[in-house]
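Based on the sequences and whatever the hints tell you, model everything.
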Amino acid sequence: MFPAKIWREFPQRYRLEAAKCKKCGKVFFPPRLVCNACSHREFEEIKLPWEGTLVSYTIIRTPPSAFSDQAPYAVGIIETIPGLQITCQIVDADLDKLHIGQKLLLEFRLIQKDGKQGVLCYGYKAVPIDAHNS
Amino acid sequence: MREVAVIGIGMTKWGECWQKSLRDLFVEASLRAMDDAGLSQIESLYVGCMSGGLFNGQEHVGPLMADYLGAGPIPAVRVESACASGGVAFRQAYMEVASGMSDIVLAGGVEKMTDVDGSEATYALGTAADQEYESFHGITFPGLYALIAKVYMKKYGITNQDLASVAVKNHAHGVKNPNAQFQRAITVEEVLQSSMVADPLHLLDCSPITDGAAAVILCPMEKAKSLSKKKPVKILGSGHATDSIALHDRKQLEVFASATIAAKKAFSQAKIGIESVNLVEVHDCFSIAEICALESMGFFAPGQAGKAASQGLTALGGKLPVNVSGGLKSKGHPVGATGIAQIIELVEQLRGEAGQRQVANARIGLAQNMGGTAASSVVHILEAC
Ligand SMILES: [Zn+2]
Chain X
527 MFPAKIWREF PQRYRLEAAK CKKCGKVFFP PRLVCNACSH REFEEIKLPW EGTLVSYTII
587 RTPPSAFSDQ APYAVGIIET IPGLQITCQI VDADLDKLHI GQKLLLEFRL IQKDGKQGVL
647 CYGYKAVPID AHNS
Chain P
199 MREVAVIGIG MTKWGECWQK SLRDLFVEAS LRAMDDAGLS QIESLYVGCM SGGLFNGQEH
259 VGPLMADYLG AGPIPAVRVE SACASGGVAF RQAYMEVASG MSDIVLAGGV EKMTDVDGSE
319 ATYALGTAAD QEYESFHGIT FPGLYALIAK VYMKKYGITN QDLASVAVKN HAHGVKNPNA
379 QFQRAITVEE VLQSSMVADP LHLLDCSPIT DGAAAVILCP MEKAKSLSKK KPVKILGSGH
439 ATDSIALHDR KQLEVFASAT IAAKKAFSQA KIGIESVNLV EVHDCFSIAE ICALESMGFF
499 APGQAGKAAS QGLTALGGKL PVNVSGGLKS KGHPVGATGI AQIIELVEQL RGEAGQRQVA
559 NARIGLAQNM GGTAASSVVH ILEAC
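Residue numbers (my numbering), protein chains in the order written: chain X, 527 to 660; chain P, 199 to 583.
Hint data in this document are derived by calculation from the structure and do not stem from the laboratory.
Everything numeric in this text was worked out from a predicted model, so none of it was measured.
Please note that a few of the clues may not be correct.
What the hints assert, rightly or not - Under the rule of at most 25 Å between Cα atoms (straight-line distance), these lysine to any residue pairs were calculated in the SDA-like manner:
{"hint": "1", "chain 1": "X", "residue 1": "Lys546", "chain 2": "X", "residue 2": "Pro608"}
{"hint": "2", "chain 1": "X", "residue 1": "Lys573", "chain 2": "P", "residue 2": "Ser442"}
{"hint": "3", "chain 1": "P", "residue 1": "Lys352", "chain 2": "X", "residue 2": "Gln628"}
Shown next, in the form of structure tokens:
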């Protein structure tokens, strides 16, 4: 059983569902009720591609409590479609070879265990394209 | 709107204060500020505090502090804007006095952070980011600022030594501040040899976990001389702005648009140019933050603040002294208190009472306090009278 605070994010975390403003075309992830560019309130549902380009990255060596068993791990900002960036972990990667501008694939992975009951939270993580091919 | 002055200042010695509780810290700083002003009563109270809930299991901090300050049934409210809570509390107090609603208002800030362990503190601070789309993925605040540092370093070609020089400079200032958590000089080598927290940020690039409080008293300018013997310091301008909660929603990670807008508003109210400013306190929660904040407010052109500390431009005695208090880096960063302590440093400097840290002929000072990855920024400009 997933608590509501976890399942309500499923469309984004499982399917990368985003919202495109029907007036100005700006894309939002997660979806919003009102466009911050033109104040329009109608959106069309689109899905982000499961790939992107690395905009910046770091390696977390002092993690928050929920991630203490995973450190060190890489986290980056990834541009998926022009102007739309997301934050997520970069895994199956040689940490010394990460670089800005690198092409990455997004994959569906376990992110963390939530709370004392250890609910498994899944979502997207990035993987270098070369790691995926090998 | 009435002109407003700061007539009293007080803070506790910052550090790991095992003997002192959240309320002890706040009341101690507040009593010092009231004593400094020579006043025994206040009309209203604002408490900047980021997370009494997560650090101490205590919400409803406003009435708690009014109660323990013996201030009677006055209005008292906690102000939260993550690490900008203190600066925003100051602005709320300023607006209350400027509006004519009250004459004597206390703006304080407090955070008691050592009652939880390091990873719980990291979690609590992380709640200032987007919980579902940043923190959920395991990013921390040092991590978010590391993302900014990576982009800045690649774009402008500064080195780890340049970053470390910001911390070294602020520690050199902190040696001269008796209230600083670390009154200790450090070297570039020590910064680079300290453990890596989030590449490229080392432990000594990061502000520490701190217990502490700070408080100031505000009153209308026209009543300052009759209410207090202290030389009043006038609030010339106040600006406050916000930006996207998530860092990834910014086109340029290294530009703090909230700081740009808040500074612009404060300068426009103050009717002065940026060249009139004699000293600046900026929110150096990480070494890279000082660099980006200075550029975002227009003190340096983009790419030019990166080497400012290495070149000695921002040291005491330099072209533009920045964080002569020691900054968050050396003075400490009890998050809710930080914005108020920045104001206290400006008041001491503008009164000419900063001792060994005194900036010669300081007439105008600016303080910039921000929350999260600059999702909120508040800027104040103060003038000696
Ligand atoms: Zn739109």
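Hints, verified against the model:
Between Lys546/X and Pro608/X the alpha-carbon distance is near 13 Å, which keeps this suggested pair within the 25 Å criterion. The suggested pairing of Lys573/X with Ser442/P holds, with an alpha-carbon distance near 22 Å, which does not exceed 25 Å. Distance check on the hinted pair: Lys352/P and Gln628/X sit about 14 Å apart at the alpha-carbon level, within 25 Å; holds.
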